[in-house]
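Chains A and B are the protein sequences, given in the same order.
According to this note's numbering, the stretch in the first sequence is residues 107 to 456, in order.
According to this note's numbering, the stretch in the second sequence is residues 32 to 821, in order.
In short, the hints are calculated from the structure, not lab data.
Owing to the predicted nature of the structure, the values given are computational and were not obtained by experimental measurement.
We put the CB at the ideal spot given by N, CA and C, even for glycine.
Any given hint might turn out to be false.
[Said to hold, decoys possible] In silico negatives: residues of chain A with every beta carbon more than 10 Å from chain B:
hint, residue
1, MET152
2, LYS153
3, SER375
[Stated by the list, open to error] Cross-link-like lysine to any residue pairs, in silico, SDA-like; alpha carbons within 25 Å at most:
hint, chain 1, residue 1, chain 2, residue 2
4, B, LYS624, A, ASP243
5, B, LYS492, A, PRO403
6, B, LYS538, A, ILE226
7, B, LYS593, B, ASP617
8, B, LYS71, B, GLY165
9, A, LYS343, B, HIS511
10, B, LYS50, A, LEU393
11, A, LYS447, B, TYR552
12, B, LYS675, B, GLU638
13, A, LYS447, B, ILE532
14, B, LYS593, A, ASN269
15, B, LYS633, A, GLN451
16, B, LYS533, A, ARG228
17, A, LYS331, B, VAL520
18, B, LYS719, A, PRO403
19, B, LYS526, A, GLY424
20, A, LYS286, A, CYS316
21, B, LYS442, A, ASN332
22, B, LYS624, A, ASN269
23, A, LYS331, B, ILE491
24, A, LYS331, B, TYR518
25, A, LYS436, B, LYS593
26, B, LYS442, A, SER336
27, B, LYS700, A, ALA128
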Amino acid sequence: MSEKTTEVRLAFLSALEAVETAEDLERIRVEYIGKKGYVTELLKEMKSLSNEEKKTFGQAVNVLKNEVNDAIAEKREALKQKEIELENSRMPEFDISMPATLSRGSYHPITLVQRQCEEIFRSMGFTVEDYSEIVSDYECFESLNIPKNHPARDMQDTYYLDNGQLLKTQTSAAQNTIYKKYRDQLVNEGKPIKAIFPGRCFRNEATDACHENTFFQMEGVMVDKNISISNLIFFMKTMLSEVFQKDIKVRLRPGFFPFVEPGFELDISCLICGGEGCPSCKHSGWLELCPCGMIHPEVLKAGGIDPEEYTGFAFGLGLTRLAMMKYGVKDIRDLNSGSLKCLDQFTDDK
Amino acid sequence: MLISMNWISDFVDLSGIDKMKLISQFSLSTAEVENEIFHKGNDIEGIVVAEIRSVEDHPESRKLHLLKVDIGESELVDVVCGAPNVRVGMKTAFAKLGARIGEITIAPRKLAGYTSFGMCCSEKELGLSDNNDGIMDITDDVVPGTDLKSVYDIDDIVFEVDNKSLTNRPDLWGHYGIAREIAALAGRDLKPLDTADLSVYERLDKIDLKIEDPLCQRYSCLQFGNISVHKSPVNMRIRLYYCGMRALNFLADLTNYLMLEMGQPMHAFDSRKVEKIRIKRFDKPFTFRTLDGVDRPIDENTLMICNGDTPVAIAGIMGGLDSEIVEDTSSLTLESATFDAASIRKSTVRLSHRTDASMRYEKSLDPEMTVVAVARFVKLLTDIDGQAQVTSSLTDEYAYHYPQVSLNFNKAFVDRYTGIEIENDTIVKTLRSLGFGVSLKGDDFSVSVPSWRATKDVTIKADIIEEITRIYGYDNFDVHTAAAPLYPVRSAQEKTDEDRIKDTLVKRYSMHELHSYIWAYYDEYRALGIEIENNVELINATNPNIKTLRRSIVPTQLCQVKYNTSYDSDFAVFEVGRVVDGLRADGLCDEHKKLAITLYSKNKETEQLYFELRDILAVLADDIKHEALTFERAEATHSYQHPKNLNKIFCAGHLLGEMGIVNTSVAKKIDKKAAMVYAEIDIEEFAKIKNAGILYAEPSKFPEIEIDLSFVSDTYAPIAQAIKNADCALIKNISVVDTYKDDNGRSITIRLIFSHPERTLTKEEVLEVVNRIASELEEKNIKLKNGVQM
Numbered sequence: 107m108s109e110k111t112t113e114v115r116l117a118f119l120s121a122l123e124a125v126e127t128a129e130d131l132e133r134i135r136v137e138y139i140g141k142k143g144y145v146t147e148l149l150k151e152m153k154s155l156s157n158e159e160k161k162t163f164g165q166a167v168n169v170l171k172n173e174v175n176d177a178i179a180e181k182r183e184a185l186k187q188k189e190i191e192l193e194n195s196r197m198p199e200f201d202i203s204m205p206a207t208l209s210r211g212s213y214h215p216i217t218l219v220q221r222q223c224e225e226i227f228r229s230m231g232f233t234v235e236d237y238s239e240i241v242s243d244y245e246c247f248e249s250l251n252i253p254k255n256h257p258a259r260d261m262q263d264t265y266y267l268d269n270g271q272l273l274k275t276q277t278s279a280a281q282n283t284i285y286k287k288y289r290d291q292l293v294n295e296g297k298p299i300k301a302i303f304p305g306r307c308f309r310n311e312a313t314d315a316c317h318e319n320t321f322f323q324m325e326g327v328m329v330d331k332n333i334s335i336s337n338l339i340f341f342m343k344t345m346l347s348e349v350f351q352k353d354i355k356v357r358l359r360p361g362f363f364p365f366v367e368p369g370f371e372l373d374i375s376c377l378i379c380g381g382e383g384c385p386s387c388k389h390s391g392w393l394e395l396c397p398c399g400m401i402h403p404e405v406l407k408a409g410g411i412d413p414e415e416y417t418g419f420a421f422g423l424g425l426t427r428l429a430m431m432k433y434g435v436k437d438i439r440d441l442n443s444g445s446l447k448c449l450d451q452f453t454d455d456k
Numbered sequence: 032m033l034i035s036m037n038w039i040s041d042f043v044d045l046s047g048i049d050k051m052k053l054i055s056q057f058s059l060s061t062a063e064v065e066n067e068i069f070h071k072g073n074d075i076e077g078i079v080v081a082e083i084r085s086v087e088d089h090p091e092s093r094k095l096h097l098l099k100v101d102i103g104e105s106e107l108v109d110v111v112c113g114a115p116n117v118r119v120g121m122k123t124a125f126a127k128l129g130a131r132i133g134e135i136t137i138a139p140r141k142l143a144g145y146t147s148f149g150m151c152c153s154e155k156e157l158g159l160s161d162n163n164d165g166i167m168d169i170t171d172d173v174v175p176g177t178d179l180k181s182v183y184d185i186d187d188i189v190f191e192v193d194n195k196s197l198t199n200r201p202d203l204w205g206h207y208g209i210a211r212e213i214a215a216l217a218g219r220d221l222k223p224l225d226t227a228d229l230s231v232y233e234r235l236d237k238i239d240l241k242i243e244d245p246l247c248q249r250y251s252c253l254q255f256g257n258i259s260v261h262k263s264p265v266n267m268r269i270r271l272y273y274c275g276m277r278a279l280n281f282l283a284d285l286t287n288y289l290m291l292e293m294g295q296p297m298h299a300f301d302s303r304k305v306e307k308i309r310i311k312r313f314d315k316p317f318t319f320r321t322l323d324g325v326d327r328p329i330d331e332n333t334l335m336i337c338n339g340d341t342p343v344a345i346a347g348i349m350g351g352l353d354s355e356i357v358e359d360t361s362s363l364t365l366e367s368a369t370f371d372a373a374s375i376r377k378s379t380v381r382l383s384h385r386t387d388a389s390m391r392y393e394k395s396l397d398p399e400m401t402v403v404a405v406a407r408f409v410k411l412l413t414d415i416d417g418q419a420q421v422t423s424s425l426t427d428e429y430a431y432h433y434p435q436v437s438l439n440f441n442k443a444f445v446d447r448y449t450g451i452e453i454e455n456d457t458i459v460k461t462l463r464s465l466g467f468g469v470s471l472k473g474d475d476f477s478v479s480v481p482s483w484r485a486t487k488d489v490t491i492k493a494d495i496i497e498e499i500t501r502i503y504g505y506d507n508f509d510v511h512t513a514a515a516p517l518y519p520v521r522s523a524q525e526k527t528d529e530d531r532i533k534d535t536l537v538k539r540y541s542m543h544e545l546h547s548y549i550w551a552y553y554d555e556y557r558a559l560g561i562e563i564e565n566n567v568e569l570i571n572a573t574n575p576n577i578k579t580l581r582r583s584i585v586p587t588q589l590c591q592v593k594y595n596t597s598y599d600s601d602f603a604v605f606e607v608g609r610v611v612d613g614l615r616a617d618g619l620c621d622e623h624k625k626l627a628i629t630l631y632s633k634n635k636e637t638e639q640l641y642f643e644l645r646d647i648l649a650v651l652a653d654d655i656k657h658e659a660l661t662f663e664r665a666e667a668t669h670s671y672q673h674p675k676n677l678n679k680i681f682c683a684g685h686l687l688g689e690m691g692i693v694n695t696s697v698a699k700k701i702d703k704k705a706a707m708v709y710a711e712i713d714i715e716e717f718a719k720i721k722n723a724g725i726l727y728a729e730p731s732k733f734p735e736i737e738i739d740l741s742f743v744s745d746t747y748a749p750i751a752q753a754i755k756n757a758d759c760a761l762i763k764n765i766s767v768v769d770t771y772k773d774d775n776g777r778s779i780t781i782r783l784i785f786s787h788p789e790r791t792l793t794k795e796e797v798l799e800v801v802n803r804i805a806s807e808l809e810e811k812n813i814k815l816k817n818g819v820q821m
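Make a model of the complete structure from these sequences and hints.
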């Protein structure tokens, strides 16, 4: 009977050899080890055999059955493998050298520099305050020691509104409110007032590449018992070095602003030449950057703070100017133009 | 203001001092000096005095002359000269061979056939004045051949002080005041002014003078006459020119010179026109002709100098044409006065006429200066013109004295304010050098403010700190941080929300942030057919194109969208900005901070864009507040709104704003083919919404049941409401899986996912909920189609 098993085995092996698809394989499986398959049929022939023969033949058929099972499983695996390889080979080579498509939005450059400044001051314990754009004469002038007819009012061409209010000409207009807001914490809890207030300001003037009627400033104040000129210089230098990410030299010159005394114009060493002198600093080595000073006693008083007990410094940073310096924007009008060709270039910049 | 170092040197000995360094020190300690410093005389060299010995006409030229000039050498020099004023015996400035004028080096030069061995020079060519009418006419007694620079003060360093930085320093509007600062910085003494003794004229008659208005603080005057000199000395003319003034005639030059030297404006009248000097205002407006020939409107606030009742000058601003010095004027009246600064400033603005005098008066000049200036004037007048005579005694009415300010403080105050240690001796020395009176007892200072600083500039202790520290030098400060207790710093919710909104819009939705203006630009609105709505107005805008403030960012944003239609076929922009919605009950502007978004697309249908925007807003609310939005149909009330699909946006009970489609007519003006939708929400209102927070629920370990239901309904709202009303905690998720329209109407298929946290759900309990939902909708005539699909 062993001829028979051998015959079936050989037939199976040659059939398996010819198999190329999973379907063929399944057909062969049924053909050989299905209920009516050749191998199954072999077992039926055992009836006519002696017990001795039955045993031998049965073992041989079982061996064959296992052999067929294993071979089919192996073949199935091989077919799967072949299919994956085929699929892999069908994947085309991509042209990675094609330019990237950047679908991305943009921040207004003022937002970028404002966030940078806010982060620096937050890290130094300053609160960030928001303030309205329309203010009263008291907020913008009177409370800042700029009474009516003061020549300083001439320096700021103010937009007045028909209800008697005005568009704030300077972020200092928020000072009085901020002093009043934090005064009790200062006096009762000994918490120093440390605040910055970025905001939009307005000047009633003709616009050109260097002048805008709408621009941003950022004011900062610090009030405590022993705030000194020395502290002011320290903070300005530290803050500006952080803003420009390099060690900045600063110098103070006397400057006249009614809400500070002494008042200063702060210059920084030229960012382009580092102080050697170049066309961008008109060969002086210095750039005039921001007014600052010790808060005028009258201004503190108007905010409910006793100037005999407390001192403080204030500064006003031109955010618009800073953004222009930082990003090399030459025409200030581009900033409010809404031109996406200009503005879509300002992606996140931390 | 231009400052001559030669002039300064009249009052401070600057020998051995680096003048350039001193100027930069001045800029750091006193007032801003412009970058460009002029080295006068640097560009000319080898210019000598020459005497013209002979003049011959050029045979072929009508203009040229052939001269022989004496330049102190053994032989006369042949010169061809085109100046009209050449004459024999005239002394002039001469550029010898080898001399240098600017870039030019003088060499023999052929002119119309004759060789010129040098050049006679005009004052303009030498940079001494703007006179180019002829060659310089030297009338002083000088030997030919003398170097011109040894005769006149040609070499000088001139620097310009930024006028703006002198706003609060009336004392610095003349060289003497600047010299005081320079002396303090250099550590040298300030020389007293050389003045005439006016007491010798006491026996002469006084001028009839009366101040009838408190706006005049002091009026000093003096009569003089018999003037024989008409042209000012060369050095005086050079100084005036270097300091930016044209030399005119001796008297005009002298008053200008005094103004530049002392900061005190002066005016000389024809004495016949000022016999009864009265200073007053008039009840009624009238027209007054000033000496420049212009008729100027005078109102009841303008202070006038009068002869009796006849006005002769606008006080502090300009003299009148009628009282000007004329050819037959023999007696002159000199005015040296001070007026109320604010009044002068207002008159200047009203007349829109600013003069060198008014510019100084506006700063609150020192009234103590008027008489000193007269004494200085007389000194210079009589020194230069030996025949000039004073013909009245000094007449001086001093109505309003400067405030006597004295300030007391101690060293601890200085230490606290400066944060550094400055020695008492240094403080005393510094203040004294600036003219302050100082007495020191222990650590207590008592300081009296000099008149020239007391009119408004130095009034409080902090002003004294500035005086001490600016001379000490801010560069010399030891800088250190402040010691302050630490507290957590919290950001305002509005600020945090605004930042997160911007981040989401930029990073997730690729939007571009823009800024626009708080007012409407009329032409831009008109171009789009957007109505300018009544609102608060600017009353003094110089630009006629702006006046009305915006009530919404949307129209200004649409103007910017219009500007960008060529940028891309699809884009989205937003702005966080402020608007004014009229006035509040208290009369103040109702200002709000808003976020406006506009989506623009040439590729998408309006509906698709509309829902994109709706989803963006929903994401903002979900992301930042963990809340959902609801909408309520609204009526269009603005010209830029489409009448349909305008919706109010609500979140957690707060009305945030509106979203809608751009009005068809406006949209067509922006772009005929693009779809445009917009939304505007109130950032302050948004910030008020409490963050609902994250409510974590562990996912059920038991199988979920998914049920699809199709309803025939025009809108989803009733279905959502019915599901909500079912109030079933087992519903874990609701979604719309399909919508379509056919003859039977609109069909909406929703999918509900049910699960129970602790057990497997039965079909029955789920169906119970579904039936409740279906029957509620049935009542509203919304039919369930095809039964329940499980």
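Hint check results:
1. MET152: Correct as stated: the minimum Cβ-Cβ distance to chain B is 49 Å, above 10 Å.
2. LYS153: Non-interface label on LYS153/A holds, nearest chain B Cβ at 51 Å vs cutoff 10 Å.
3. SER375: holds (12 Å)
4. LYS624/B / ASP243/A: holds (21 Å)
5. LYS492/B / PRO403/A: holds (9 Å)
6. LYS538/B / ILE226/A: Status holds; Cα separation ~23 Å.
7. LYS593/B / ASP617/B: Distance ~37 Å between LYS593/B and ASP617/B Cα, so the pair is violated.
8. LYS71/B / GLY165/B: Satisfied, since the Cα-Cα distance of roughly 22 Å is no more than 25 Å.
9. LYS343/A / HIS511/B: holds (10 Å)
10. LYS50/B / LEU393/A: holds (23 Å)
11. LYS447/A / TYR552/B: holds (21 Å)
12. LYS675/B / GLU638/B: holds (12 Å)
13. LYS447/A / ILE532/B: holds (23 Å)
14. LYS593/B / ASN269/A: The given pair, whose Cα atoms are some 32 Å apart, is violated under the 25 Å limit.
15. LYS633/B / GLN451/A: OK: LYS633/B and GLN451/A at ~22 Å, within 25 Å.
16. LYS533/B / ARG228/A: holds (19 Å)
17. LYS331/A / VAL520/B: holds (20 Å)
18. LYS719/B / PRO403/A: With Cα atoms ~37 Å apart, LYS719/B and PRO403/A exceed 25 Å; violated.
19. LYS526/B / GLY424/A: At roughly 20 Å apart (the allowed maximum being 25 Å), GLY424/A and LYS526/B satisfy the hint.
20. LYS286/A / CYS316/A: violated (36 Å)
21. LYS442/B / ASN332/A: Cα-Cα ~14 Å, so holds.
22. LYS624/B / ASN269/A: The given pair, whose Cα atoms are some 20 Å apart, holds under the 25 Å limit.
23. LYS331/A / ILE491/B: holds (19 Å)
24. LYS331/A / TYR518/B: Status holds; Cα separation ~16 Å.
25. LYS436/A / LYS593/B: holds (24 Å)
26. LYS442/B / SER336/A: Status holds; Cα separation ~16 Å.
27. LYS700/B / ALA128/A: Outside the cut-off at roughly 65 Å; violated.
Violated hints for the displayed structure, listed by number in ascending order: 7, 14, 18, 20, 27.
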